[in-house]
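Number of protein chains: 4
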Amino acid sequence: MRSASGPQPEPPACCNRTGSPRGPGAVTSLHPSAPAPDAIALDALTAFGRFAASRGWVPATAGNFSVRLDADHAVVTRSGIDKGNVGAGDVAVVPLAGPIPAGMSAETPLHLARYRAGAHVGAVVHVHTLAATVLSRADEARGAVRFAGFEMQKALAGVATHESVVELPIFANDQDTVALAERIEARLAGGANVPGYLLAGHGLYAWGATMSDARRHLEGLEFLLACTLEERRLAR
Amino acid sequence: MRSASGPQPEPPACCNRTGSPRGPGAVTSLHPSAPAPDAIALDALTAFGRFAASRGWVPATAGNFSVRLDADHAVVTRSGIDKGNVGAGDVAVVPLAGPIPAGMSAETPLHLARYRAGAHVGAVVHVHTLAATVLSRADEARGAVRFAGFEMQKALAGVATHESVVELPIFANDQDTVALAERIEARLAGGANVPGYLLAGHGLYAWGATMSDARRHLEGLEFLLACTLEERRLAR
Amino acid sequence: MRSASGPQPEPPACCNRTGSPRGPGAVTSLHPSAPAPDAIALDALTAFGRFAASRGWVPATAGNFSVRLDADHAVVTRSGIDKGNVGAGDVAVVPLAGPIPAGMSAETPLHLARYRAGAHVGAVVHVHTLAATVLSRADEARGAVRFAGFEMQKALAGVATHESVVELPIFANDQDTVALAERIEARLAGGANVPGYLLAGHGLYAWGATMSDARRHLEGLEFLLACTLEERRLAR
Amino acid sequence: MRSASGPQPEPPACCNRTGSPRGPGAVTSLHPSAPAPDAIALDALTAFGRFAASRGWVPATAGNFSVRLDADHAVVTRSGIDKGNVGAGDVAVVPLAGPIPAGMSAETPLHLARYRAGAHVGAVVHVHTLAATVLSRADEARGAVRFAGFEMQKALAGVATHESVVELPIFANDQDTVALAERIEARLAGGANVPGYLLAGHGLYAWGATMSDARRHLEGLEFLLACTLEERRLAR
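Chains as they are written, first to last, in my numbering: chain C, 1 to 236; chain A, 1 to 236; chain H, 1 to 236; chain U, 1 to 236.
It is possible that some hints are incorrect.
[What the hints assert, rightly or not] Stretches of chain H that chain A covers, calculated by requiring three or more beta carbons in the stretch to come under 8 Å of a beta carbon on chain A:
(1) 132 to 144
(2) 153 to 166
(3) 200 to 206
(4) 227 to 236
Because the hints were derived from the structure by calculation, they are not lab data.
The beta carbon of each residue, even a glycine, is placed where N, CA and C say it ideally should be.
Excised from the complex, chain C in its bound form (with noise of 0.2 Å):
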């Protein structure tokens, strides 16, 4: 959750507030080939940072978010800040490509990939919750966590009846996060359907075509992590 860098009271290098106007929306340049955050960016991030971080799901600075800014870019929270208290001097406009500025989030690259992955990709956010940190443990083996009668089902794009069976995939957590970012595309792109996954004693990923509906599919799979766990020790 925190970079080997640590918390970072000045901007880097990188994203020094110079350069020249460019693309569709002629905002001002912070990297030498990137458009700068705007507001509505910056507003997202700020927000879904305020709410998860009211419900304890960024403890210790973790957690890390970002939002599309354009075909080749996203704005994406830095290394070590305060998640609930995100402004404007803790993002960074990243290349979808690379390279990736200093002060970022190791996992960084996993965020890169599901924006290269497709335009359907509009936000992808990240957070450490009891429930998939634990079940993602549990489950590792199985390599998926699997919901099935729940109504909270229907909170994920596309699934239209709780009489569906959804499995939330789980990979283990790997620190060459290049190397995670890879195996994961990879089996998202060999058909999982689900708009999030678990990284193994690590946390919950999730996305959709907006902030608003990557909170929507972060907060419904949190519910199903929830009532599943709950089920779970009822069971044993």
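Using the hints, position chains A, H and U against chain C.
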């Protein structure tokens, strides 16, 4: 919790704020045959939604709430909106006999059927809580969750002592909510006197003469469910 | 938690703000023989209620709180009100020897009996928590919940070390609260030195010389109950 | 959590705001040999307390927090105050070598000993959480709670991968906190490199170079404890 139509940034055509004053309060008509939701009704829905969201009972835009407007109409929250932040554009007046405007939750028929059951129903609330979801699945075959000996049973209208037995009905979930409403009303008409029910794997409904009564019933039932779930854990 | 009379939008006749100044503080009389609740008493009740509601300890208008006004009177919350939002119209001055005004909680006799036990009781609070409710039923036959080895035991007046044993009494619930108060006071007079008790299936009472002390005792006992409930789960 | 002296409405004599400016910041002296707590230190304590109270981690006035002021002094919260609302009168400057002013928590020696261990300790926080209390009792005989395979282990300074093992030490509780501090420091000096420890039946301590680091360590350890407690429930 979401209808197939998802979030509704624009009010559907049925609800443009046009039409002539009508009825005792001379309110502005929204629907050809409906008075406008008045400020009191909207305030009640907004306040309940804020409370429910603070408790985490409306995750992923789940849940829906309504209040009776007059003998023939109710004001109901729309589908896909953030239930913690209900504004004037997030509710619609619905005739109790239908038709249901576009953009409403698939569960609107469950609300309308409750109002048609009698003038004693003045507000209906539905939320998704962990205890309600888990116990509704655990006890679905029994058809009810049974409470006895709790002082909190007195939160329910007509219960004067903890020395009573309360049976909260459970119904199988069904995406055909018109048929589901018929089954529910048939059973409730047959003598159930608890102001709430569970849908299996789905959540908790409660109602009352006023929104205050409906909320008290909902909070009381949720507390009874949470205590019962805890007792099941200890008793296993 | 609710008396039969339910919410009280209007103060009952006993409590019109009329009468003559009396007593050391020359406050305005509400009851023929009672001084008015002063601003300090109301503030204490409002602040405690806000705190209790934020913790979810007063669901469904449950719970009631009081503070001593003088040697012969206490200010007590009325029945059926939202305990998270206690205003001037939501409390009444009650003579410790009775009679109890209309609109008060059925549990008012439990409060009055505590004040009559001695001047060391300056505030009494009662809430409904999950741990208190579940453990009061689980241990009802034993007559007490026992705590040993917790540093939190020092939150209770007179306890100086974790190397003590605290026995929190449990009483069978009874809708005849006058008779119940007699049984409680008889047992407390017989030597119990813990500033609280449980009513089986009902909830937790605590008191202290001041509202701060009563709240500290309540919070400490609730923490001890929550830890004990968790240890029971692990030990089964 | 409370010293024998209880709440302190008046600052003790040691802390009257008199004396001459001294030290690099020319702050006002409170204690004959101590600079005044500056605004930054007070803000850090107030903000941490507000956060801890919002999480329910400082029930019944429990918990205490401190920040280093200079090489020889720390600012420490007083005993018996509401930790969610720490004001200027609720803290005192304490020399690391003593003596400890009146009105301080009995646990102040544990804070001072940590600061004396080295300049890398800039803030110390102590809270009472359910998971910390229960696991500190369950694992007291083992002398530590062990974490392995959690990404959250990276919240701790010096941990770069989830493929590590973290051992959080547990010490038997002792009302003689001077003797307790000696035992703790002896063990920590012997090689423990985790920025926190548990007191059995009592709670969690954590520290860091800054208050932000101490808070991150505390939140990370609490999350690891909560996940571990949940895994124990499932594994029984």
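So, going through the hints one by one against the coordinates:
Counting residues of the region 132 to 144 of chain H whose C-beta lies closer than 8 Å to any C-beta of chain A gives 4; at least three are required, and the coverage claim holds. Figure legend: the region 153 to 166 of chain H, annotated as covered by chain A; annotation inconsistent (0 residues with Cβ-Cβ distances under 8 Å, at least 3 required). With a threshold of 8 Å between beta carbons, the proposed coverage of the region 200 to 206 of chain H by chain A holds, since 4 of its residues qualify and at least three are required. A count of 4 residues in the region 227 to 236 of chain H with a Cβ less than 8 Å from any Cβ of chain A is obtained; the coverage claim is therefore met, three being the minimum.
In this structure, the one hint that does not hold is number 2.
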